[in-house]
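Enquirer: Listed below are the residues making up each chain.
Number of protein chains: 2
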Amino acid sequence: MIQTERKLKVLKIREQMQRNQLEACIVSTPVNTYYLHQCIFQGYTYIPLEGEVFSFVRRPSDFNLKALQLQDGHCHFIRKPEQIIEVIMAAGLALPASIGLEGEEMPQSQWARFEKMFATSQIKNISHMLRQARSVKTEYELEQIRQSARLHEAVYRNIPSIYRPGMSEKDFCIEIEYQMRKGGCLGLFRCYGIDMESFMGSVVAGDNAAASSPYDFALGGAGHPSNPIGATQDTALREGQSILVDMCGNFSGYLDDLSRCYSLGKLPDIAYRAHQVALDIQAYVQENLRPGVICEDLYNGALKIAQEAGMAEYFMGCRQQAKFVGHGVGLVINELPVLAPRMKEPLQAGMVLAVEPKMVIEGIGAVGVENTFIITENGGEKLVSLSDEIIDLLA
Amino acid sequence: MIQTERKLKVLKIREQMQRNQLEACIVSTPVNTYYLHQCIFQGYTYIPLEGEVFSFVRRPSDFNLKALQLQDGHCHFIRKPEQIIEVIMAAGLALPASIGLEGEEMPQSQWARFEKMFATSQIKNISHMLRQARSVKTEYELEQIRQSARLHEAVYRNIPSIYRPGMSEKDFCIEIEYQMRKGGCLGLFRCYGIDMESFMGSVVAGDNAAASSPYDFALGGAGHPSNPIGATQDTALREGQSILVDMCGNFSGYLDDLSRCYSLGKLPDIAYRAHQVALDIQAYVQENLRPGVICEDLYNGALKIAQEAGMAEYFMGCRQQAKFVGHGVGLVINELPVLAPRMKEPLQAGMVLAVEPKMVIEGIGAVGVENTFIITENGGEKLVSLSDEIIDLLA
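As you go down the protein sequences, you meet chains B and G in turn. Oh and the first sequence: position 225 is 223 in this note's numbering, straight run, nothing missing. Oh and the second sequence: position 245 is 243 in this note's numbering, straight run, nothing missing.
So that you can see chain B by itself, here it is in the shape it has in the complex (with noise of 0.2 Å):
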């Protein structure tokens, strides 16, 4: 199973090689590496447009290589990235005209060093070529993400059930986690891109929502100054503030993003009606979440709901507005694509994408929803049947 996915895989990013005039690249980080082959090593796979992928493990160095065993695959054990020169002659290869590395993770350093490797290469940055590879996904991976909304959801069921009085906006988040844990998430949050940090995810009460981040996440919540996002407050939480929880799903090594909105007792009619816009315009992308749709058009009927129902200046925030209204998700929180302003990209069937419309009114705080979809023919595959609904913790 492992090998026909590393097959899909290869294919797809051989599809992008070819779309970009690459005669091979080179896989280095983590989550690509994760992407390929199902497991993590230190080390590197070289993929040329055709023939033999070639696998090198730096570390650990009792690696069952095996594991990495494609049909017609060469795996090798090397100390440093010069080998992988090597081993190419060795096997009678020719350099290639022209290679790819991940050039928006890859330290400068690293590339430097490649550079004089591959010092008659013309080099090229893979980055977007293979987070476009990674944007549809295979069964398999499907099958990953689905799982892990199906234990999201399980432990978000159990949310009016964790909340006790007297409880902070952190510790209430503290439980939340706890109970993640319990049911199986990982923890860890992947990122595309090294501006981006958090520990599971956000909840966010009151005015806290308010509270603008350094990071492109659609929420902020002022955090700890060391990391900047999500729960602040040590108070009670009080009666007339809604509570948006908002944890990342990495249930399987796939994740799913889910926010649900709570409150205690009733909340100010304004926030049920921006959640009802909310929920208006998770219909609306929900029914267009289908192949050949642009994705900018979507953020633009998502902006053009808010703004006819006089919510525009809820939309995403109010001191700082995130631009966009849902986003890819996958091996990390923020894959391709994103419904944004100026994303001239059609969808895809196979395409995995969080959907978020979220309103922040100060003095309340965040209401709206997230769910993750699945682009279809007939528009989006909702992954969870929890209810959208903002549910009052005291009822």
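Treat the hints as calculated values from the structure; they're not laboratory data. Since we're looking at a predicted model, the values are computed, not measured. Take these hints with a grain of salt, some might be off.
Which copy is meant is left open, because identical chains are indistinguishable; a pair holds if it fits in one copy or across any two.
To be verified - Under the rule of at most 30 Å between Cα atoms (straight-line distance), these lysine-lysine pairs were calculated in the DSS-like manner:
| id | residue 1 | residue 2 |
| --- | --- | --- |
| 1 | Lys302 | Lys168 |
| 2 | Lys180 | Lys168 |
| 3 | Lys10 | Lys64 |
| 4 | Lys321 | Lys64 |
For this one, chain B is given, so just place chain G on it according to the hints.
Expert: Coordinates of chain G only, in the frame set by chain B:
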């Protein structure tokens, strides 16, 4: 206070710049931004060898720029890094002949953009230099690490009361994580380098301690294929197995590191003898954690104690052995210096080291200890008073 700290740190960085003949440098990663400013924003800090420091904020868009004001500082919102040049030139400053960027962590694509911006400057990699500047802590930083160690210790004191018969390695790990979070741990586990990832640390029981990891941690644990480190077993912990708890102590933004060994009932004698050798190594290293002592000498001395005790085959792993016995700790879990072969650097007062002599015995598990020490003229100042002995959870 923040201003005083920032000045101290700019001074440290400028000393390094002088030594490395750099006219300016740009700090860009979250960790080094936090180091300088005690807060995180998406943006850049431009530090010339002399004169004013400039801060550039991309996000949050409503960031309080006053929080960044040096007495003589300049702070600006920008949308793109090219504006750094505009601001510097508008201030009447010449572009530097040489400039440093964080080349071990800055992705190549971003580096290439800065290369175009600073087309007339020589560009150098300052990652190592910044790690060196960070390796000697300020009094404020030492207090942050002490605080983490105090809170970390308080959680570990309760570990014996956390254990319940029938718990698996994973259950025990999750309960300890939960107590860490309740005790104030921020959770986020920060590493230097893109090849290391861990959730909150590791709990490994019995032979899982011998499972090799792709990461450069002291111990392995099979973990999950998507994050191969730490706890993996769902079956009940058994008598005769050791359990090593090694969680990262991020209670303040600054980390301490602390490992303790537990057992269910009595372990085979060899385990206690190996543990005693680990304690002997710790005592030897602690005695020598003084300014001027050479890092590799401490590793070699530690290895010699293990060899003379006939324990070399267990030292720092069995199937795969880690080649260090201690590492710097601070904003990340793997700061400089490292007590490892070929590390010719002398210790300096105010460095902080986690010393972790560990022994892995197949059929039993890991024994040994880890404590965080501050380098002083009188040897290592141990930050906790917690017992170093193996604790029997059934006693």
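Enquirer: Of the hints given before, which are not true for this structure?
Expert: 1
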